[in-house]
Amino acid sequence: MQKVEQVTGRAVPLPLDDIDTDRIIPARYLRCVTFEGLGEHAFEDDRQQDSKHPFDDVRYKGASVLVAGRNFGCGSSREHAPQALVRWGIKAMIAESFAEIFFGNCTSNGVPCVCVTADAVKQLAAAVTANPQVPVTVDLPVLEVRCGNLKFACTMPASAHSSLTTGQWDFLAQLVEAGDEVLATAKKLPYLNGFVSA
Amino acid sequence: MSGRQNLFNRVWDLHTVRTMASGQTQLFIGQHLIHEVTSPQAFQMLRDRGLKVMFPERTLATVDHIIPTDNQARPFHDLLAEEMMSAIERNCREFGVTLLNLNDNRQGIVHIVGPEQGLTQPGITLACGDSHTSTHGAFGCIAFGIGTSQVADVLASQTMALGRPKVRRVGVDGKLHPGVFAKDVILHIIRKLGVQGGVGFAYEFAGSTFDAMTMEERMTVCNMSIEGGARCGYINPDQTTVDYLRGRPFSPQGAEFDRAAKWWLDLASKPDAEFDHKVSLQAADIEPTVTWGINPAQSVGVNEPIGAVSTFPAEEQKGIQEALDFMELKELQKLRGVKIDVAFIGSCTNGRISDLREAAKIAEGRKVSPHVKALVVPGSQLVRAQAEAEGLHEIFKAAGFQWREAGCSMCLAMNPDKLQGREICASSSNRNFKGRQGSPTGRTLLMSPAMVAAAAIEGAVADVREMM
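First to last, the sequence lines map onto chains A and B.
Here the first sequence is numbered in this note's numbering, starting from 1 and rising by one per residue.
Here the second sequence is numbered in this note's numbering, starting from 1 and rising by one per residue.
Quick caveat, the hints were computed from the structure, so don't treat them as lab data.
Warning: the hint list may mix true and false statements.
One side of the interface only, derived from the structure: several residues of chain B facing chain A at Cβ under 10 Å [stated by the list, open to error]:
id, residue
1, G30
2, G147
3, D153
4, G194
5, I294
6, Q386
7, E390
8, H393
9, G400
10, W403
11, F433
From chain A, some residues computed to sit far from chain B (all C-beta separations above 12 Å) [as the list claims (entries may be wrong)]:
id, residue
12, R10
13, V58
14, G69
15, E79
16, Q123
17, Q133
18, T137
19, D139
20, V142
21, F152
22, V182
23, A184
Backbone N, C-alpha and C fix where the C-beta goes; we use that ideal spot for every residue, glycine too.
Same shape as in the complex, but just chain B (with noise of 0.2 Å):
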């Protein structure tokens, strides 16, 4: 039987300890990782029971979400954010957890850092008070994002209780066309499988088009899963992970990392494996994708209209309609042309090395709308150090963008990258919700980098495509 089980379940009976009285799993989950925002509340549970972290080592803490990316000097001008400093840096060395600060050049964003340093590795199971956690999923490993209750669980049991979801094989076969990236795979797979389609489920991508993809283009998919509903996504270890893993500082050396690969790769479904729910998509149907609603869901190709209300389901046309009227947009209308004002490439999303080439590619050579403020912030300090030493930084300096420090700058509203009011952005981070960016009327069209940078030179939302 163990033949046929796929890669979720096998991890999933190696990682439980006991089955609880409610009937949930006891799950041992092999790495933790905290940030500063989802954390205090946490430790402060652990202190008034004084309860202890029960494997310091094995949780990991940066800061990400707060922090400006512009002036970084302490303390901060946001007072509640130099508290939050405060207090994660008091936290960690309180209960002896190894921090990733501002001066660490391994800081960044915490589902950046995990995999960068090695931490995130196939047959683990990873939580992290953050719904983006599903981004680990990418090598192989059952990556969940809780809440604060449980981020206490996790430092004071190295444990949580959790049902077991089902599991859903995503299949995508063939090539993507050119000008196509992950961005698009992910949203197109939203747009079909609804936002809360996944629920109760955990995705498994598999299928030829993920098979192609790099660590980062599956990061990308597998970031987004939650948007999708699904709390967990993962995509089965091959040789693309083994080698991204091999020499990374966290990652097992020498002899020790032979006997890991075997065993990673000897974790990934078999062709044979059994699932809950299977469905299938092809490579080929997807176009540069963008939102042009208030969930991740409602996106349409650059080329293509927005459906006209009257063919969504009925109990679903007034809520169409208010996110039309929200996004000040009709039905039927295109999406190429759409006039933004702001433009932001970064975010756990597409915040890694291989999201700025791309974006640099449609920079290079060329300007930035006048009327447009476009910013790249490097997802981590490693990616940005990377791209200063590849030379994007002056070509994205040079057609008019700001080059900032790492951070989630702009993907939220915790920090000083805001949209103000009515603005409109081209962004590639991961949600579209109504005020996520900052304003609470400001709107957000997702897309992919390129997309984003080609959105900035042309000053409104363009297809990527005719400048590649």
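Extracted from the complex, chain A is given alone in its bound form (with noise of 0.2 Å):
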């Protein structure tokens, strides 16, 4: 897999607390059977009841930094809600944090979650918000995250640092690699050998 150093691009604040993948993604999208369709639908329901809804804000058309507040993506593990957001553009998101079961979607699909302090997210979340126009990078062999002359250390868990880093984040091709050391761990547990060596 291509290894996921930097992203570069403009970016959407979204700078929320505890937003869940049922409002990323709406259950009534998961009625299908591949993730196709889905990016026209990320937020949908937040997007019918706010106007203002940043994405559907033409400024940040085409941005493809996503900058969110603690406890990003909690809730269903519904990998569809990280599909619906690549699908909708986005390739790299900022966080103050993140849930864990969509972190984990996120790195599967080698999109980088980074986490910053609640005060950086404020203020890139209003430097994006001034000039929509800024880039921003999340340089990960680094940990920072950069943005006009605003700088931040983040944080990644070291085994998706790594994964990302180095291109081995597609973890099938690695886990049927061991097929033989799996078929050895089956051997040595009670409840597949009729309890007898427990």
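Two independent chains are provided; combine them into the complex using the hints.
Encoded structure:
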């Protein structure tokens, strides 16, 4: 897989806390057997209730970096959520924190999610709101987020960081390679062996 | 050292295949459960790579999210839902996975079916493409909700890549007050520890309050671990666990069961087991609890006023006010007396026979308020059959509740059971997120099934203790 080291692009600010995956992609759009076409429905219900929603704001059209608050992506495990954001155009996310399943789903799709402080989220959102054209860079090798004159350290769990920057985020291929070791593990599990070794 | 290992770490080590290049563990998954919503793309990923299902006998499929709970005749009116049904039928046939379809009396919500069939056992690892997979931890196993890419990983390799979480012991001790249920316990825990308090942790729920619970109550608690941010929650196996599993279709039988029970009981964290973090709560502090906001931590006791916005941390106040505005509630208001439009009893949180029994006790001899639409949706066909054998359906119907077929129903907006417009629903489900129950502007008040029954009868949020 391709190494994911730097993402640079215009950003869309959504600095709210506890945005759940039902809001990112309402459940009715999970009635599908592929992930195609989800992009246009990202945040659909929020957008219908807020005519000024950033995802409808022409100034942020073409943005590829999402700036969010705390616990982004909580709730349902639906991978349709990151898939919808990716299909909308998002290539990297910056937030105060992410929910765990959502974070893993993003990493499995090569989408880096980095954490910055609440204050950094506030400053980034303000900078992007003031000038939506300003590019934002998520730089994984040096774990930094840059935007105009602003520069913040960011964090990412070491395993996701290493998987993305070395291009080894195709977990399926790696897992399948270890077939013999998987069988060896199965042989020592009491419940797969009549509990005789327990 | 292993004597001081908690159950989580012991089971994790047992299932470790290897450490991957990223530092994550390749973890063997003992039982995989799938359903129609998060599996079609995963099967396609296998097809695209020419992969097979490695252990087809260790994956079980059922259908729950999209199925109608009234008219289940095929093809479904909803053609998208029908397409998903066809997809899981085709995928299971092609890849050799057993499917408990609508015409199988074992069909139901995946997290109700697994335990009911004896597939969920202590000491195993279990995964399912659904965040409420934490439910299965009630048996002392490690159970994770996963995304679709990981469903493909488990199908193709019976393993997944995962970082080892820390383990927090969430202790609750003492006897619950009458009218306080497992649902109130977990809502109270989430209120105290927050919706993201559990991120990075597995929760071990331990203490005399959980010891005294039935397996079904324990499942309700573990089910909502994810609502507190913890992907995994569990309770140590004990004699209650062993007794529940004896004689289930997929449980070990005969002498093998006795060997299994010995191993299961030995897995439990010992009194001197080590944890990364511990918290302690008291059962006596827990009241019948109701959510007032748009996440499951935003709750209060039924007779307790919602806090003043100014008493919340400064950075949360804007979000708190937005939640109150969405719900059309005010700070310092009490939930009791808030008028409801819909009452929903069911879901993987509270759709088991004991939940229906508690709700029926409240419904018996009473009438649902004329303005309330009330639904009882059993979590599985077996729960439904048991309830009918006990006559619970007659109690519900006489009271004015609709008696439905098994499925996820109004917990989420993927089948015909949905809120309309600004309706407000007293719900025994697990999420009060904006739009969760099918109307983008619909509102959800989470509470125990008995409290939902009480609200249905009152036509407004009520204190179930006055109706017991």
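For each hint, the structure was consulted:
| no. | hint | verdict |
| --- | --- | --- |
| 1 | G30 | 6 Å, holds |
| 2 | G147 | 4 Å, holds |
| 3 | D153 | 5 Å, holds |
| 4 | G194 | 9 Å, holds |
| 5 | I294 | 8 Å, holds |
| 6 | Q386 | 27 Å, violated |
| 7 | E390 | 32 Å, violated |
| 8 | H393 | 28 Å, violated |
| 9 | G400 | 28 Å, violated |
| 10 | W403 | 24 Å, violated |
| 11 | F433 | 5 Å, holds |
| 12 | R10 | 25 Å, holds |
| 13 | V58 | 23 Å, holds |
| 14 | G69 | 9 Å, violated |
| 15 | E79 | 4 Å, violated |
| 16 | Q123 | 14 Å, holds |
| 17 | Q133 | 27 Å, holds |
| 18 | T137 | 23 Å, holds |
| 19 | D139 | 19 Å, holds |
| 20 | V142 | 19 Å, holds |
| 21 | F152 | 18 Å, holds |
| 22 | V182 | 5 Å, violated |
| 23 | A184 | 8 Å, violated |
Violation of the numbered hints given earlier is confined to hints 6, 7, 8, 9, 10, 14, 15, 22, 23; the remaining hints are satisfied by the structure.
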